[in-house]
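A.B. asks: With the hints as constraints, model all of the structure from the sequences given.
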Amino acid sequence: MPVSFTLAELARHVGAEVVDGDRNRPITGVASLSEAGPDDLSFLGNPKYASEVAASRAGVILVPRAFTGVPSDGQVFLRVDSPSYALALLCSVIESSLWPRPAPGVHPSAVVSPLAHVAAGAHVGPHCLIDAGARVGDGAVLEASVHVGRDASVGAGSWIKSGVRIGEYCQVGARCRLQPGVVIGSEGFGYEVVGDEVRRIPQVGTVVLEDDVEVGANSTLDRARFSRTVVGRGTKIDNLVQIAHNVRIGAQCMIAAQVGIAGSTVIGDRCVFGGQSGVGGHLTLGDRVRVGAQAGVLEDLPSDSFVNGTPALPLGLERRIVVLSRRLPDLFKKVDSLAAALDSLRKDAR
Amino acid sequence: MPVSFTLAELARHVGAEVVDGDRNRPITGVASLSEAGPDDLSFLGNPKYASEVAASRAGVILVPRAFTGVPSDGQVFLRVDSPSYALALLCSVIESSLWPRPAPGVHPSAVVSPLAHVAAGAHVGPHCLIDAGARVGDGAVLEASVHVGRDASVGAGSWIKSGVRIGEYCQVGARCRLQPGVVIGSEGFGYEVVGDEVRRIPQVGTVVLEDDVEVGANSTLDRARFSRTVVGRGTKIDNLVQIAHNVRIGAQCMIAAQVGIAGSTVIGDRCVFGGQSGVGGHLTLGDRVRVGAQAGVLEDLPSDSFVNGTPALPLGLERRIVVLSRRLPDLFKKVDSLAAALDSLRKDAR
Amino acid sequence: MPVSFTLAELARHVGAEVVDGDRNRPITGVASLSEAGPDDLSFLGNPKYASEVAASRAGVILVPRAFTGVPSDGQVFLRVDSPSYALALLCSVIESSLWPRPAPGVHPSAVVSPLAHVAAGAHVGPHCLIDAGARVGDGAVLEASVHVGRDASVGAGSWIKSGVRIGEYCQVGARCRLQPGVVIGSEGFGYEVVGDEVRRIPQVGTVVLEDDVEVGANSTLDRARFSRTVVGRGTKIDNLVQIAHNVRIGAQCMIAAQVGIAGSTVIGDRCVFGGQSGVGGHLTLGDRVRVGAQAGVLEDLPSDSFVNGTPALPLGLERRIVVLSRRLPDLFKKVDSLAAALDSLRKDAR
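Chain order of the listed sequences is V, D and C. According to the numbering used here, the first sequence is numbered sequentially starting from 1. According to the numbering used here, the second sequence is numbered sequentially starting from 1. According to the numbering used here, the third sequence is numbered sequentially starting from 1.
Among the hints, erroneous ones may be present.
Note that the list lumps identical chains together, so a pair holds whenever it fits in one copy or between two copies.
What the hints assert, rightly or not - Subject to a maximum C-alpha distance of 25 Å in a straight line, what follows is the list of computed SDA-like cross-link-like pairs (lysine to any residue):
#, residue 1, residue 2
1, K333, P311
2, K334, L317
3, K48, G15
4, K48, A88
5, K48, V193
6, K48, G286
7, K333, L345
8, K347, D336
9, K48, Y191
Derived by calculation from the structure, the hints in this document are not laboratory data. The structure displayed is predicted, hence computed values, not measured ones.
C.D. replies: Take a look at the structure:
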């Protein structure tokens with residue numbers, strides 16, 4: 001992270017009015033309290049780590065205004081309303097500096113169909129391929145080796161990382177971010193068994209990512225059998241996630257890594273899926289549904305459900321079953337001793 | 001989906017002799033009964049949705065010949081033997097129109113070794129790389145950024161999507177379809193711990209995909225330690241699936257998304273694997289084995305097994321255990337009350 | 001596998017002093033005892049397969065010095081101290097022959113920034129992209145379509161397969177091997193919900209792979225929110241694995257396919273993770289921890305733990321619970337009959 005900030009710059013970026021201590025050398029990194037060195041900035045984001053501040057070697061620490069500690073020798077405290085928010089502000093500054101938006105233009109090694117529509121303000125990097133009829137919006141960035149298929153589109157301001165494939169006729173909205181290796185518009189897994197043959201069912205639909213959708217590295221989103229696979233506005237998808245054909249996901253959902261959603265399932269808004277969880281096909285999930293990590297959903301779920309386990313159950317019940325399962329050895333013993341006691345009672349009764 | 005069909009064209013494509021209603025405007029899309037609009041074709045594929053036909057706004061609906069409903073105003077019914085089959089026929093026509101097979105030839109940005117053998121009828125798209133000794137069969141399509149390694153081969157009529165890597169010496173059969181990002185012939189995960197070192201075991205075998213195999217986006221198939229990793233004729237593999245080194249999969253299997261098959265396992269014909277399931281290494285599974293979603297197979301399985309759960313059990317037993325697990329809270333209570341009752345009985349007996 | 005060895009070459013490569021039998025035709029393949037044909041070499045690596053030697057059609061078999069069998073007609077035994085080690089020696093020879101290290105130089109279709117530092121002894125293959133400030137060490141191989149981002153580095157002797165993306169500012173150590181499609185430095189999955197918005201948290205850290213790390217096909221390693229995501233020296237990662245932001249993995253770990261490690265988790269040295277297992281975020285695992293396949297770790301684990309199941313438990317307890325779960329049908333019946341017996345006893349007692 002080749003960054004460098006003077007104390008004055010830092011204070012300005014994070015909006016700190018109270019600077020506790022003094023410092024001449026620049027800050028060149030950001031690290032946690034325990035890992036930071038004298039040239040790093042750190043932060044007290046969670047009160048439970050307050051005791052770590054005294055031992056931290058960080059050159060500058062973002063602390064809450066009311067924090068009672070004092071900086072050690074050569075250390076500076078920047079007192080702010082919210083250290084977490086202040087850090088986010090600073091990281092945005094760092095990001096703009098480390099990842100400047102590339103200049104508009106098409107790299108000479110890119111292959112752009114004369115029938116494609118690339119906005120003048122778009123950046124098309126090395127070894128990209130833009131097919132006939134495809135559209136790339138203003139301010140969009142296609143880093144390198146990105147393939148935008150025939151009649152597909154990328155909305156204004158979207159940032160498409162290296163090696164992403166956007167299949168024919170698919171639509172990526174505005175301000176989307178696709179990490180490297182994402183596949184949009186692979187063919188859905190549709191086959192029918194006819195006698196001895198497994199026959200392919202043509203998949204002629206598309207994928208639509210609404211605005212502000214983000215998709216993690218190497219995730220795959222299949223095109224619909226017909227009609228559209230849809231990811232709603234603002235939904236965030238992590239790495240190595242599988243979204244099958246004809247799935248419809250609502251707005252502002254959070255889908256963690258390695259989740260799989262099977263075909264034709266419909267999901268509401270603001271749902272959250274833990275890592276490695278799966279949802280069966282042709283199901284309907286309401287809004288604000290939460291699914292635990294590694295859970296397997298096999299039934300429709302009403303809004304505000306919170307489920308866990310495979311097959312997934314309401315969280316409370318699932319937790320009780322898990323706890324009771326751990327007591328199975330005791331239960332088996334107890335039942336055995338009950339049986340013995342009953343036996344001896346019966347003998348006595350004879 | 002930029003398609004457009006007149007009513008007469010539709011009737012011809014789906015083989016409908018009975019047209020119920022009239023229409024001048026073309027049909028430009030395909031959608032489900034509930035989502036279709038006046039310019040869409042829809043279909044009644046499953047009798048349980050019959051009640052949705054009356055409310056559907058679809059311009060044209062494929063219905064069974066004997067369906068008793070009548071089209072609403074401005075709507076047309078195409079009466080056919082099997083609406084699902086009729087739709088598949090139509091989708092094949094749409095697919096041929098939307099995905100015409102690219103013309104033969106090698107794009108100037110592709111890098112093709114003078115020692116490679118590319119059939120005159122093959123299509124090699126932008127930024128592809130065909131190494132020395134590699135063979136690409138007649139009618140094969142390599143879309144873009146496809147890498148065919150040294151002495152590897154792609155059979156006639158296969159369609160290889162963007163960004164696929166076919167490793168050195170590996171063989172892809174005829175009429176295969178590989179979705180974007182597939183990796184064929186990555187090195188198997190083979191190491192041995194020698195003292196303090198984790199040492200790599202060279203992986204010098206290959207991968208063989210027999211004819212008519214299809215592989216989903218970003219799936220990975222490792223080359224054998226020696227000899228061959230094999231996927232049998234007609235087997236279909238979904239997205240993000242892992243096939244480890246020396247695995248041998250039979251013919252006509254269906255492997256859903258995110259499945260993992262560990263090393264050296266041998267699988268028969270016509271097996272079906274649910275999403276996110278896993279199979280341990282060095283196992284043997286017979287023919288027509290079915291493995292439920294998220295299941296974990298840790299033992300050999302005879303033909304016609306149907307297993308579920310982790311560790312996987314025969315479906316009937318697994319279902320009973322799941323149902324009984326949900327009754328654990330009651331069981332614990334019942335055992336407690338039995339113990340209490342027994343206690344009081346013993347006191348009485350004294 | 002286009003290899004060819006005379007008997008004398010084989011004996012030399014594997015260090016066999018005792019050759020039992022004679023042979024003129026070359027050996028052109030390696031296969032298991034049951035699959036080998038007359039032109040293949042095979043080996044008796046595990047005494048339990050000794051009975052397969054007599055039936056094997058292999059032309060040459062590596063056997064332990066003390067093995068009592070005799071070669072069949074036209075077959076040759078090479079007697080060695082350890083057939084497995086001898087085979088590894090031979091496979092290394094085969095590997096050097098089938099995968100010669102490509103000659104140094106930059107392919108004309110590669111795009112290399114004038115501000116990048118590519119060692120004279122490095123190989124940069126077709127359609128690669130090396131951004132400004134990036135460093136590629138001596139003897140490193142970048143096969144094809146590899147993207148090394150701005151200020152990123154690849155250490156000496158590393159072998160980077162086709163389609164790998166090494167993100168900006170990330171560091172890959174010496175002698176690393178990255179299989180096709182690996183993504184190093186995708187943005188971590190960091191968001192905060194602010195009112196109705198899901199807001200992205202900038203991810204400005206990096207990823208560091210220490211020396212001798214190997215990563216399997218299409219695996220993804222996210223850059224840190226700030227600071228570094230670290231994979232320790234000699235650790236081996238299989239295909240389709242997800243390593244989230246700020247994870248720190250120690251040295252010499254083995255991480256099987258489709259594993260997921262959630263954000264900020266810290267893992268010690270020499271840990272082993274079974275396929276499809278998952279580890280929650282912000283956890284600490286000691287050294288030599290073993291996690292079973294498909295397990296889900298939700299708590300810190302001390303060194304030398306061996307856990308299994310979801311949520312993961314110590315192996316012994318987990319095994320007992322699995323076994324007892326299978327006896328639940330019997331337990332329910334037993335409790336019912338106990339209740340009936342108790343009932344009748346109470347009636348008698350009245």
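A.B. asks: State for each hint whether it applies.
C.D. replies: Going down the list of hints, with the structure as the test:
no., hint, verdict
1, K333 - P311, "between (28 Å within a copy, 24 Å between copies)"
2, K334 - L317, "both (23 Å within a copy, 17 Å between copies)"
3, K48 - G15, "within (24 Å within a copy, 62 Å between copies)"
4, K48 - A88, "within (20 Å within a copy, 52 Å between copies)"
5, K48 - V193, "between (59 Å within a copy, 22 Å between copies)"
6, K48 - G286, "between (36 Å within a copy, 22 Å between copies)"
7, K333 - L345, "both (18 Å within a copy, 20 Å between copies)"
8, K347 - D336, "both (17 Å within a copy, 20 Å between copies)"
9, K48 - Y191, "between (54 Å within a copy, 21 Å between copies)"
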